[in-house]
Amino acid sequence: MPANISRLADFLPYLLSVTSTAVSVRIADVYEARFGLKIPEWRVMAVLGDAGALTQRELVGATLMDKVAVNRACKMLEERGFAQRSPNARDGRSHHLELTAAGLDMHGKIMAMALDMESRVFAALSEAERRDFKAMLGRLREQVQTLEVSA
Numbered sequence: 002m003p004a005n006i007s008r009l010a011d012f013l014p015y016l017l018s019v020t021s022t023a024v025s026v027r028i029a030d031v032y033e034a035r036f037g038l039k040i041p042e043w044r045v046m047a048v049l050g051d052a053g054a055l056t057q058r059e060l061v062g063a064t065l066m067d068k069v070a071v072n073r074a075c076k077m078l079e080e081r082g083f084a085q086r087s088p089n090a091r092d093g094r095s096h097h098l099e100l101t102a103a104g105l106d107m108h109g110k111i112m113a114m115a116l117d118m119e120s121r122v123f124a125a126l127s128e129a130e131r132r133d134f135k136a137m138l139g140r141l142r143e144q145v146q147t148l149e150v151s152a
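Just so you know, we're using this note's numbering here: the sequence shown kicks off at 2 and counts up by one.
Bear in mind the hints are in silico, worked out from the structure with no lab data behind them.
In this text the structure is predicted, and so the values were computed from the model without any measurement.
It is possible that part of the hints are untrue.
Stated by the list, open to error - Heads up, simulated PhoX-like pairs for lysine-lysine below, C-alpha to C-alpha not over 25 angstroms straight-line:
# : residue 1 : residue 2
1 : LYS39     : LYS68
2 : LYS39     : LYS110
3 : LYS76     : LYS39
4 : LYS110    : LYS76
Unchecked claim - Listed next, with one range per pair, are the computed distances between beta-carbon atoms:
# : residue 1 : residue 2 : range
5 : ALA136    : GLU79     : 18 to 24 angstroms
6 : GLU128    : THR101    : 20 to 26 angstroms
7 : LYS68     : LEU141    : 35 to 41 angstroms
8 : GLU143    : ALA103    : 35 to 41 angstroms
Beta carbons are placed, not taken as given, at the ideal position from N, Cα and C, and that holds for glycine.
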């Protein structure tokens with residue numbers, strides 16, 4: 002392999018992606034087996050649990066998932082009685098989605114499990130390393146937002 006071609010295993014976006022996926026899938030295995038929720042449904046539920054009622058457009062932005070995945074997740078949460086729609090007074094073309102009492106209860110149960118798993122994953126790092134790692138991730142995300150996309 003030529004020296005100027007980077008190996009995929011050393012490519013930071015790849016490392017971030019596979020690590021994130023590994024952690025997400027590991028946590029998802031637990032809540033899917035116990036509660037029957039898939040990753041997109043849990044992401045929507047987690048955002049609604051933190052933010053309260055949001056439009057689907059706002060959910061797309063908050064979860065960084067595509068519109069179709071958010072729409073499917075919202076429909077599933079509604080069908081299972083975990084979320085409900087209400088009119089959006091500011092925009093009659095959209096609606097707000099919010100967790101029901103059952104959704105809030107489920108959110109609390111899953112958050113406890115997710116936080117426990119986070120603690121177990123981050124046990125590999127010292128408290129200072131965890132703090133630094135989170136700060137670095139935040140700075141990287143901010144930097145990504147400033148980058149221009151060239152065609």
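Against the structure, the hints:
1. LYS39 - LYS68: Within the cut-off at roughly 16 angstroms; holds.
2. LYS39 - LYS110: holds (15 angstroms)
3. LYS76 - LYS39: holds (13 angstroms)
4. LYS110 - LYS76: Roughly 21 angstroms between the alpha carbons, so the hint for LYS110 and LYS76 holds.
5. ALA136 - GLU79: 18 to 24 angstroms: violated (37 angstroms)
6. GLU128 - THR101: 20 to 26 angstroms: Distance hint for GLU128, THR101 is violated at roughly 37 angstroms.
7. LYS68 - LEU141: 35 to 41 angstroms: Check failed, 25 angstroms falls outside 35 to 41 angstroms.
8. GLU143 - ALA103: 35 to 41 angstroms: Taking Cβ atoms as reference, GLU143 and ALA103 lie about 36 angstroms apart, which means the hint holds.
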